[in-house]
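Protein chains: 2
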Amino acid sequence: MRTSIATVCLSGTLEEKLQAAATAGFDGVEIFEQDLIVSPSSPEVIAGLAAGLGLSLDLYQPFRDFEGVEDELFAANLARAEAKFQLMKRLGMTTMLLCSNVATATVDDDQVVVDQLRRLGDLAERYGIDVAYEALAWGRFVSEYDRAWDLVKAADHPRIGTCLDSFHILSRDTDLSRIAEIPGEKIFFLQLADAPALSMDVLSWSRHHRVFPGEGSWDLTDFLARVAGTGYAGPVSLEVFNDSFRQADTQRTAVDGLRSLRWLEANVSAASGAKASAAGEAEAPGAGLESNRARLNLRPLPQVSEPRGIDYVELSTDDLGALTRQLHQLGFRFVGFHRTKPHVQLWRRGQARIVVTEPTSRHYESTAVTIDSTDPADEAAAVAADSPGSGTFLRGIGFAVDDADAAMERALLLSATEVPRDQAHDEEVLRGVFAPDGSEVFFGDGNGVDPQWTDEFGTVPDERQSAIDHINLAQPAHHYDEAVLFYTSLLALTALPSQDVPSPSGLVRSQVMSSADGAVRMPLNVSPDHSPNPLSRGTGSPAETYPEHVAIVCDDIFTAAMAAVARGLKFLAVPQNYYEDLAARFDLEPELLGRLREHNILYDRDDRGEFLHFYTSTIGSVFFEMVERRGDYQGYGAPNAPVRLAAQHRRNTES
Amino acid sequence: MRTSIATVCLSGTLEEKLQAAATAGFDGVEIFEQDLIVSPSSPEVIAGLAAGLGLSLDLYQPFRDFEGVEDELFAANLARAEAKFQLMKRLGMTTMLLCSNVATATVDDDQVVVDQLRRLGDLAERYGIDVAYEALAWGRFVSEYDRAWDLVKAADHPRIGTCLDSFHILSRDTDLSRIAEIPGEKIFFLQLADAPALSMDVLSWSRHHRVFPGEGSWDLTDFLARVAGTGYAGPVSLEVFNDSFRQADTQRTAVDGLRSLRWLEANVSAASGAKASAAGEAEAPGAGLESNRARLNLRPLPQVSEPRGIDYVELSTDDLGALTRQLHQLGFRFVGFHRTKPHVQLWRRGQARIVVTEPTSRHYESTAVTIDSTDPADEAAAVAADSPGSGTFLRGIGFAVDDADAAMERALLLSATEVPRDQAHDEEVLRGVFAPDGSEVFFGDGNGVDPQWTDEFGTVPDERQSAIDHINLAQPAHHYDEAVLFYTSLLALTALPSQDVPSPSGLVRSQVMSSADGAVRMPLNVSPDHSPNPLSRGTGSPAETYPEHVAIVCDDIFTAAMAAVARGLKFLAVPQNYYEDLAARFDLEPELLGRLREHNILYDRDDRGEFLHFYTSTIGSVFFEMVERRGDYQGYGAPNAPVRLAAQHRRNTES
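So the sequence lines, in the order shown, correspond to chains A and X.
Per our numbering, the very first residue in the first sequence carries number 56; after that it's consecutive.
Per our numbering, the very first residue in the second sequence carries number 56; after that it's consecutive.
Certain hints may be false.
Repeated chains share a single entry, so a pair holds when one copy, or any two copies, can fit it.
The calculated lysine to aspartate or glutamate pairs, modelled on EDC-like cross-linking and capped at a C-alpha distance of 20 Å, are [to be verified]: (1) Lys139 with Asp642; (2) Lys139 with Glu644; (3) Lys241 with Glu199; (4) Lys139 with Asp177.
Source of the hints: derived by calculation from the structure; they are not laboratory data.
Please put together the full structure from these sequences, using the hints given.
This is the structure:
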């Protein structure tokens with residue numbers, strides 16, 4: 056599948072955008088006219104730059120407000136088109152996007168539009184240019200893809216085809232079945248964008264809130280499969296207008312975009328393979344469709360299932376005493392030091408495992424890695440190695456997966472950057488990659504129960520019913536959509552609907568990434584402030600203001616709380632006002648209410664069950680939560696989150 | 056008029072919010088329940104704190120999902136209400152907000168609702184509490200204010216009244232005429248919010264985008280006048296959910312809020328006075344209405360008309376040579392040094408005046424001012440005095456107004472902070488205040504033509520047709536709405552619809568504040584990044600990345616450009632691609648196109664006229680624009696702004 060990206064998706068100058076697209080691995084780009092106009096580079100220089108980078112210039116866009124107009128304006132519009140055709144020749148480009156008329160259309164007459172398209176086609180023929188006509192969702196008269204196709208079909212001109220754009224089609228919720236009517240060779244271009252479910256005017260939605268496939272709420276796999284079914288063989292291109300992407304680092308956005316296309320390609324490939332094998336050898340209906348699909352040359356990825364559990368959470372600390380004391384207070388047992396790395400130790404509570412490392416250790420290892428600075432992946436690794444956060448922070452998460460090698464291979468094919476790591480020859484080889492928030496994601500074989508690598512720390516049996524319930528991560532602003540796609544595409548996690556949680560310093564956007572069985576649950580929180588150093592971990596990271604936490608599930612929260620008290624745990628204090636409100640909201644037994652109050656335990660309830668939990672004080676940018684789930688409660692005590700955020704805010708502003 | 060503010064409008068803890076509201080000068084607050092629940096202070100402590108600050112606790116809110124339910128749930132809801140009444144007693148509060156049922160209503164029967172309201176009234180009577188019933192715009196069955204009023208009227212209970220909230224009413228575009236039917240004493244509470252015109256679901260609009268009166272698109276003056284006409288005599292309160300306010304400095308937001316109410320109060324007072332005087336002494340219909348209005352005790356402000364012009368722009372510079380060279384190149388003439396302040400000089404081009412100061416000067420003056428740190432106004436001044444920006448930056452603007460004393464008095468009554476300034480005994484007394492972006496706003500009597508204070512610099516006649524056309528200011532994020540209200544309420548400027556301008560590092564939101572005759576035009580630009588030091592001027596301000604500029608209008612831009620070239624001006628370079636696009640867009644004479652290209656002049660045209668303009672290179676965070684307006688063109692060449700932003704971005708990233 057040939058991949059392409061519109062320059063408007065990326066921040067920076069045109070020259071920077073081309074460089075970023077090429078480095079990420081795109082095959083081509085769409086030139087967004089505005090980017091060229093503001094560039095000091097001539098069209099010839101841009102063409103040369105793209106050629107040198109190995110990028111094809113796939114689409115010149117947008118050409119607007121052309122058709123459905125009176126004769127006089129039409130003549131001016133043709134002249135305008137010719138000027139652009141001349142420009143495209145200088146760029147060596149052969150496909151132009153024509154958007155349905157938004158502003159100047161006055162004639163809603165198919166015959167007039169068809170005639171005007173045909174005359175544009177004649178002109179385009181002289182320049183060897185193809186024109187891809189697209190229905191904008193807010194077009195004056197033409198706003199549906201099938202209407203645009205009907206007009207193109209009627210124009211019946213070899214230089215006039217259609218452009219399908221998932222945003223304009225899916226935002227209007229148009230029936231998709233007529234896509235199958237369009238011969239693939241009459242689809243001159245394909246643009247993809249996803250979008251979150253928002254109820255707002257479609258123009259604002261389009262201009263500010265598009266995201267890459269996999270980051271929104273639409274089924275782009277189905278959409279691409281339908282287009283592939285027509286025999287379309289051209290580039291599959293991203294066209295995303297997004298306020299955050301416009302501000303984010305160009306190179307990261309480009310990598311994020313390519314990941315979305317690789318993921319989508321593999322999804323369609325897998326779905327198509329499944330259909331083909333279901334059809335068997337017989338002459339199934341749709342065999343022609345399969346061969347059509349093959350024209351896009353869809354490449355698969357190693358398939359992964361969602362993780363079966365959390366192997367461990369790794370915390371880095373420069374305050375070993377405080378951290379291990381708190382683990383002990385929470386009922387964790389010290390398993391041992393790593394047999395060859397004395398600065399690494401393992402703690403466990405049932406199946407909840409915390410690896411504690413001292414921060415200098417990885418630093419020493421990493422600087423030994425040879426960095427090839429021309430490879431951006433290595434560069435990212437170098438940056439990570441150069442700035443190992445100080446303080447106490449969440450460094451990484453180990454996921455238990457069916458096939459760690461496949462997961463790692465998939466991650467690398469999805470442009471993730473490998474974590475440089477030294478391994479002794481007789482150790483379990485754990486490999487991993489950096490997540491968008493700078494944390495490390497490691498893949499281990501198994502189901503999360505007593506993974507083999509723990510032998511390297513010694514053996515401490517622990518049959519208690521306890522495990523990691525969820526891990527709450529702080530995400531840097533502007534990299535939130537990237538994070539959703541990262542966990543979706545690498546780990547097959549699912550994004551649950553997002554929530555806004557009020558805190559004293561702003562709303563915290565919270566979205567849970569979860570496996571279907573709940574074995575892996577990770578609320579991602581985006582803090583309202585823009586951290587000065589958003590991609591490092593430790594000091595200066597978003598977690599400084601909105602600390603991250605690891606939640607441990609137990610089977611009796613009161614026992615856990617009492618044991619913790621006996622060991623001197625500092626709980627996050629819960630206001631008395633909270634308990635009074637709790638009494639008003641729920642018809643709780645006074646005895647239960649009293650016990651909750653006594654132990655600083657928070658409470659929530661829904662139709663499915665109950666949730667009891669308490670928080671520890673924060674060490675560095677990490678704290679712990681102990682939870683007990685009763686019945687089939689699936690949430691995270693969201694109504695109680697503001698209590699926690701306010702208490703932590705007081706701690707921040709007081710200190 | 057008694058002013059109040061809901062604690063949810065402000066960032067911080069409940070204790071911080073109360074402090075900020077009192078310091079700003081509010082008479083009371085609404086306690087937003089969530090703020091109390093997360094507070095470690097008991098209700099008695101909060102009541103004491105408020106009393107000590109001189110704040111009344113006007114409304115406990117919100118109580119939700121009460122009415123229109125089956126009997127069993129109703130009993131639980133009554134118990135829930137009683138718990139809150141008990142809490143309110145401890146707070147010493149007497150009015151509770153009841154929102155129309157959103158989640159649990161199942162019975163859409165007036166008689167049931169009326170009966171349930173009445174029973175709530177009986178319970179409230181026992182605690183001496185009034186319940187204000189409000190229709191939420193997204194209420195399940197009750198979503199219109201007049202329906203809520205009909206139910207309250209039918210309940211006919213002394214403890215049950217209604218609450219009017221401008222957001223819930225104006226967002227639904229409900230006919231306002233029935234407000235006049237409600238007796239003022241049955242309106243138990245009044246909440247005001249403004250909002251920008253957005254086309255989105257009303258719940259998201261309400262939760263994220265409300266603003267203070269004067270910062271949105273609604274006519275709150277008319278709304279408040281209608282409520283005043285009923286004889287309502289209670290607090291006028293702000294209830295604004297806004298993502299930016301939640302992040303902004305608490306004290307500033309509180310001041311901003313109080314300013315909005317003072318401004319609104321004066322508007323209604325003025326409108327009411329105008330009506331009364333129009334009615335004269337006769338027994339005009341609506342005289343009763345006037346006396347009703349008087350019950351709110353609306354205080355006037357000194358009235359101001361919009362400014363008649365710009366007296367001057369003051370630039371501070373530590374690179375005097377570069378700045379004055381550029382002024383000379385642009386055809387400015389040196390008028391002289393200030394007769395007592397040799398570090399201050401005046402330059403003019405026709406009626407365009409630029410005061411140039413060296414940055415240390417004000418600093419020396421200001422530190423001599425005695426700062427009383429218990430007064431927040433003085434504290435702001437102290438901060439401003441302590442951190443005089445370095446570099447070259449726009450320090451202030453002098454506005455020509457009808458009555459400078461009235462303007463200054465109004466500004467101070469609207470909680471603006473006076474700029475500390477020394478004045479010699481025989482000098483023109485210019486007084487001014489700080490704008491939200493840290494720039495200084497000075498008021499001078501006159502019409503902007505040869506103001507008297509210029510005598511202090513000497514006399515250089517200059518009859519050229521030239522003046523300040525517009526001033527483009529960079530606004531710190533999160534203080535944008537505050538800025539709109541500031542210029543609206545202090546200077547009677549009008550906010551034009553906002554636009555988004557793409558730049559290589561994100562969209563720049565741009566909104567023009569203007570006088571009706573165009574004598575004063577100030578585009579306010581909000582940069583996408585959050586500056587680390589957003590409220591200072593000079594180094595570290597938003598203008599660092601998005602420099603500010605002063606545009607000078609002339610009657611022949613080519614002559615101005617040629618003169619500038621002859622004097623060695625460095626123009627902002629315009630890409631050739633721009634001129635090629637211009638040729639495609641407009642049918643320009645080749646000769647004109649050639650001249651534009653030769654002189655780096657940008658061009659725009661609309662139905663009303665033409666706009667020709669060029670930019671200088673940037674010094675510090677300031678550059679200049681020279682413009683020529685042909686015909687009745689009223690814009691600012693917005694289509695060309697991306698060209699400028701891209702060129703400036705290249706300059707930033709290259710340097």
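Can you give the numbers of the hints that this structure goes against, from lowest to highest? none
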